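> In the order they appear, the protein sequences are chains F and H.
Under the working numbering, the residues of the first sequence are numbered 1 to 493, in order.
Under the working numbering, the residues of the second sequence are numbered 1 to 487, in order.
Keep in mind that the hints were calculated from the coordinates and are not lab data.
Since this is a predicted model, take the numbers as computed values, not measurements.
Please note that the accuracy of each hint is not assured.
[Stated by the list, open to error] Mimicking PhoX-like on lysine-lysine, the simulated pairs with C-alpha atoms at most 25 Å apart in a straight line are:
#	chain 1	residue 1	chain 2	residue 2
1	H	K470	F	K373
2	F	K263	F	K403
3	F	K373	H	K292
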Amino acid sequence: MALSSLTVHEALDLLRRKEISPKEIVEALVKRIQEIDGAVHGYLSFDPERALKDAEHADVSLPLGGIPIAIKDVVSVQGHPCGCASKILQGYIAPFDATVIKKLRAAGAIPFGRTNMDEFAMGSSTENSAFGPSRNPWDADRTPGGSSGGSAAVVAADEALAALGSDTGGSIRQPAALCGCVGVKPTYGRVSRYGLVAFASSLDQIGPLTKNVRDAALIMNVISGADPCDSTTLDEPVPDYTADLDKGVKNLTLGLPKEYFIKGLDPQVEEAVRAAVAWYEKLGAKIVDISLPHTEYALSTYYIIAPAEASANLARFDGVRYGFRADGITGLSDHYGKTREEGFGQEVKRRIILGTYALSSGYYDAFYLRAQKVRTLIRRDFDDAFATVDAILCPTSPTPAFKLGERTGDPLQMYLADIFTLAANMAGICGISIPCGFAEVDGKKLPVGLQILGKALNEATMFRVANAYEQSTDWHRAKPLFGAESERLKGEK
Amino acid sequence: MKSDYIATIGLEVHVQLKTKSKMFCGCAIEYGAEPNTHVCPTCLGLPGALPVMNLEALRMTALTGLIFQCDVAPICKFDRKNYYYPDMPKNYQISQYDLPICQNGEVPLHDLAYPKDAQKSIKNADKRVRLIRIHLEEDVAKNFHFETTSGIDFNRAGTPLMEIVSQPDIESPEEAFAYLTSLKQALIYADVSDADMEKGQLRCDCNVSVRPSHQTEYGVKIELKNLNSISGVRRALAFEIDRQISALERGEKLSQETRRWDDDRGETFLMRTKESAHDYRYFPDPDLLPVKTEVFMPAVRARLPELPWFKRERFVREYGISSYDAGVLTDDLELSRYFEAAAKGAKRPKAVANYVLNDLLSALAAAGKSVEECPIEPQHLAELTGLIEDGKINSKQGKEVFAEMFASGEAPEEIVEAKGLKQESDIDAIKLLCQQTIEANPKSVEDYRAGKGAAINFLKGQVMKASKGKANPNLVGETLEKLLSGV
Ligand SMILES: [Zn+2]
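Just chain H, with the same shape it has in the complex (with noise of 0.2 Å):
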């Protein structure tokens, strides 16, 4: 972005309830379930079917606002959005207009969650997205366009759908990531939605405008769909500041529209002007009465989770290990109670920090699993870290350990006796072996003690082969040194 432009930048987030039914009947939510068939007269907009609420997607609603630190509506009450399209049953979405359940608050956009490749350069540290509400409507079905005809699977019609939106103050398409990731794992971490973009579990429209940094006013207001991943919307936006200030650079007007973003070839595509603006037509549904929330507050408030950047924190001063480990492992819910799980039973936590933060995920890149599928339980992996602490196996042997423990799921314990692997720490049978080596290699012993320090590397690798790698490398440094020196 050139530097004597401002980006101005807000979204507006849908994201799928993880309830167990929908939010106005009892039909079950299944992704991917064959068309058609999870509705009943109430999700097909059948006259006389009635809507009744799912207080489950009001309480999780509810939480997240008490995550963004949004204050929450004592009433809230649903209203009628009426438009007529194919995937909407009834021609009317049941929403939220004046009395949204949460309003304010804030979401934090922590360093991690930025891009990998811009976390060196963050503008702005400990950022904070200000939002404007939270409210909870229902998900509509999905149209399927065939060579001549088109079908609906109202399979999603009627799922409980939270829209998250945010005060324009997010100024670049990194900010924008950092701000999908944060929401994205602060969601997953309160257990209300998997948030999946993939599979439109979490759906995100971008408005932006450009403007010279010497102008006050926002520039035009552009709108930006079909936004499938965190990553598509960075470049989405990158592309889309970089055309609507090429556009100015050259005389042009922009005017109101919305744009669709193509993936594939790196571009947004005009989809329509601003059309006269819609009436929707808002009123209350009076299916629906309105709903107390501190009738359910106090459970909501039982559920609030420890937050992501708070467990960060937690995890540097129990555990002693770096802000930017403990970042790591905080990014993923599963891995931080992986990481959590195992370092409660180890002697020195930063080794398991270690030994989950390199050994284990590249093994489960490798392997393409997530960590909920991890074959190493976490208590063997503490007592794998212990073997190495207590001299019992030495660093190298770990690594051959583990790497057992990844394939069979076994405990270390078993692998190293099994193996034979157990650490040569007698220091009568080593004193032999450097006795012997010192003997076979009249060369080295003779340059070490001319001074050349290293001769005595050579020495030691040579005791580690004859004890095939079993023997305590320090003990064998240790027993080596003094024998050389005579002492």
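Chain F on its own, in the form it takes in the complex (with noise of 0.2 Å):
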């Protein structure tokens, strides 16, 4: 088995009893990219050589001594580009490491790459990156899903072990989903956000996308916890949350939302989804129906804040001090105007112009503060759900991967891959998605991803969930034909 195919714990173990080095782990990763990544396309740079220094002096005691990790273009690390995906950001190298990579690196950890993206994290299918979509290892004429997607895409196509995403509105736990990974989206102030590109900054979290859920749980470990730079940090202990993860679902409520289950959803992933809550059932879980009545006002109410939060974060790129500067400027607002019109791409301004509406004199009541308002409402839904459940049983997606090309030109039906993961963020609740099935769809096999959504901080109930199904499934296991797919598409050049 190519070492690029490990799991991160199955990689840990072969480090620590020696028989094969972080030098091997990264060697390997670089050949399968240079292998497959022509036809995914899940990076937009790699630097194989500082891999390769920092596999050297890699500490394998550590949680994650020697594991490279794959890291979204949104993520700061020192010494990095950091593009988002943009052509606004050409040339900007990042002076400063994130703090989830202050952590990960403290942990033995290498990051490893700039995963491709939708451009500022603002998509579900990559293809707003301004360097070209990534493509579904499982088939590449679908799209990985996003705004993560490269992200989900490497670590499906056995690229990376793990990856780091962002999730503001399901962009990790969609992408993975649609993947056929596994993809975390931590409490709201869970995982500190210093050094990761703000989108919508009361939203967006960084976490993990990884083989299986113990992976994930480790990462977690690392990652998470209060931080001085961010004061939207949680100052709340951090546990173990591997430690639970073989406690099963004994004794465990979890809840069926019924607002979940509706017309547009897919039958091939609800049926995927409803066999999951089944076999739940099985476990020794009790399932019971429950309700979430504002989630119908969650796409609308998440399109007002996110872009509005969005107009004034991304304000700063103005080609002043860093990024793209357009040419044949005149004055000062020509200077602003011109860098930002060709800086930007069609949906990045799309969501400008969103947010700037939202906010102005006369319209910030109507649309801003009442977006807040029902935003208090759809929190208080989860609020009273978890009073009787200790965990949410969902659909990640809607629909399976759909086709490169299929939604650009409609972005309403864009937005709607995410109606199911929104209100998780909307809420600040923990979310998870793991494998649960395939849909088929013209003779292709694609990953349908289930949702569990947790309580606030109660990562580790999730996790234990989460586990509990994968551990007695093989889902997660299950590997896309990535070989056929390159040369398929070889042959088409």
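The two chains are supplied separately, each in an independent frame; assemble them into the complex guided by the hints.
Okay, structure coming up:
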């Protein structure tokens, strides 16, 4: 078996038994990337030399000692480009490490490569990347999801052992579901945002994408915790998320929200999720129907709050201090106008305009303020639900991976890809997507994700529920036939 | 100002707080440092950097609020004010919109805060200017324009800036002067800012309008910018009020605009007419959580200083000096401290006050020194007045000793000893000198006895001369009188 297909735990075992070295893992990944990333396009850039150098000094006794971790192009790593897959950050090299990177380094991990994404994390397919989309390792004609599509694709295609992504409305969980890997959105404030290029500050969280639940829990152990550089982090102790993984689901109550099984939910996705629910019952969990009555407002509320915050967050990209600067400028406002017109892509501009509008005087009360009120109601829905259930089960994405180009002309259709994930961001709770089966479309097997939502700061229970399922099923072990896919693409060229 | 017009003035004052580090990052604050040497990802607005609140800036703002008897909000939050300008690294400024830390309150204008030439004609004694609000925001960077390029120094970016907004209660350039002087004094007393306008630590924008006195609604508001000193504010307002009145008298209509004061030319110039109101799209900054002020208010209350106007009253009471003298002494925090340190150990504090207000202030001014650089220990000044009081030296000698103290920093006793200045109070020695003088000046003695009382002064001068100025003049006078009247 190639070292690139190892899980983090498998690799750690071999490293600690000295059967392999960190350098060999990096080399295996480099080889793998050279072989297939032309087809997947999960990476925007990677620096094998630096990774090999880091590998030489890696202390394998540390929690993630010697493990390379792919980083979404939105998280700052000192000395690496941090471009958010945007032209406007062309040439920008981050001069500092994000807190999560500091923590990863302290735990012995090796930040490795920059993964592709939708520009500034705005999108659900990576098609908004200024550098072209990533492809789904299960079907190269389809999207890996987004915005952390590159991170999900490289994990699924064994081009990385694990990756970091960011999740503002589903950007980790949705691509994890579409690529058949595990993706975690931590509780808001659990993981520091310092060094994460902000999209929507009150919704963004960094989280891991991995090949199994245990790996995700281990990475969460490392990256969680209060950070003096981020005042929105929560000053709560970080438990060992791997400790309760094997406790099973007996005596746990799992809620099934009726608002998540609606028209528009792909029948094969519904089937796979319902089968998973039945499996939980068999494992001893108590399944109860619940209601999250304000779910239907989540999407429209999200598309006011997130763009509003983004309109200010993205104002700093003006070509004055760093990044792209347009040519032929005649004055200050021309400088701003041209630089931002040429530097940002369509979707980013659309959201900046949406957000600017929502904050404008005369509209603020009707849009932004109202959206904040609805957000409180959505949060309350979950508070009520978690008073009676330990976790919530639902689909991650309403459909399996869709075709590249299929939704690019219809933003609303694209926004619906996050309909089941964004409420968790609005409520600030934690969520995970794990593989729970396949849909068969046009003769291709496409992964389906099960979403498990946990109470704020109760990642431990969320992981426990996820692991109980994973340990009794084999879905997470399935591998895409990437070799055949890459061959097919070569033939097409 | 013509008496049939009323001027209405409101001031917006920006004060740089004296915190050690910036408002949202750990960068040091240093005036005049090399450009871009106190910067970090946060104050440069780099992608991914986040602000973290400097609580000391909040405490200083709340303290300022307490001084002016403002209502301090139980919770304060920060908002983003959105606009594009190269001196603003994030293209939004973190500020406070609808929930400023402080609201209401007032600034008392005391007589000595007025310009010297206007202190005799204060229209409204004990006037108080009401405040609308005091809030906290971050300062912007500084743009420099060279021949063909511009540069930005981000050292100032993110420095805590307190904005104090007054009601339009001010009615004359002199009141504006007094308002700024009082404000500055209190800020220095509270140690929240050095409030030096020339260093940009205190910046002021004025809104001024005029209207005929019979008219009730306000005139057209004109904003004045580029005011770099308190006296400049006075000059600019005086010019602008005259300009507006003349325009109205000519039958012109004024329009809302911003004008720039040119202090060299003594005129205001049009900068821009009122554009369509800028929409700053304020919204709560999601990176900063609201802060409960009750957490730090007990500590802030403990820092409340004795305010200049209370100190002035106390000086009158405790040291028996005039209100005017107390006012001058408390005008300057350092001077008031110096005086008090000297007065505490003095027999006659009033004598100390006189020495400080006359001799010391002029000596300092002549030497170009501040009170903090004063070479004379306050205790030594007290001793000097004591020596005079006890008749050990006379007041003329006192001046000489003072000059030496100022030059060398030595104690007065030592100087008196070294120079052999000790006043002659030995009655026998003085008697002998007086007798010799009487014998040597029969003409004057005759005059005196003939009723020309003034003749004794000549004799007295001769005795002093003979004693090389050391004789106690009071004793000399008494002794001469006794001898001449033959008692
Ligand atoms: Zn800084």
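> State for each hint whether it applies.
Here's how the hints hold up against the structure:
| no. | hint | result |
| --- | --- | --- |
| 1 | H/K470 - F/K373 | violated, 88 Å |
| 2 | F/K263 - F/K403 | holds, 21 Å |
| 3 | F/K373 - H/K292 | holds, 22 Å |
Hint 1 from the earlier list is the only one contradicted by this structure; the remaining hints agree with it.
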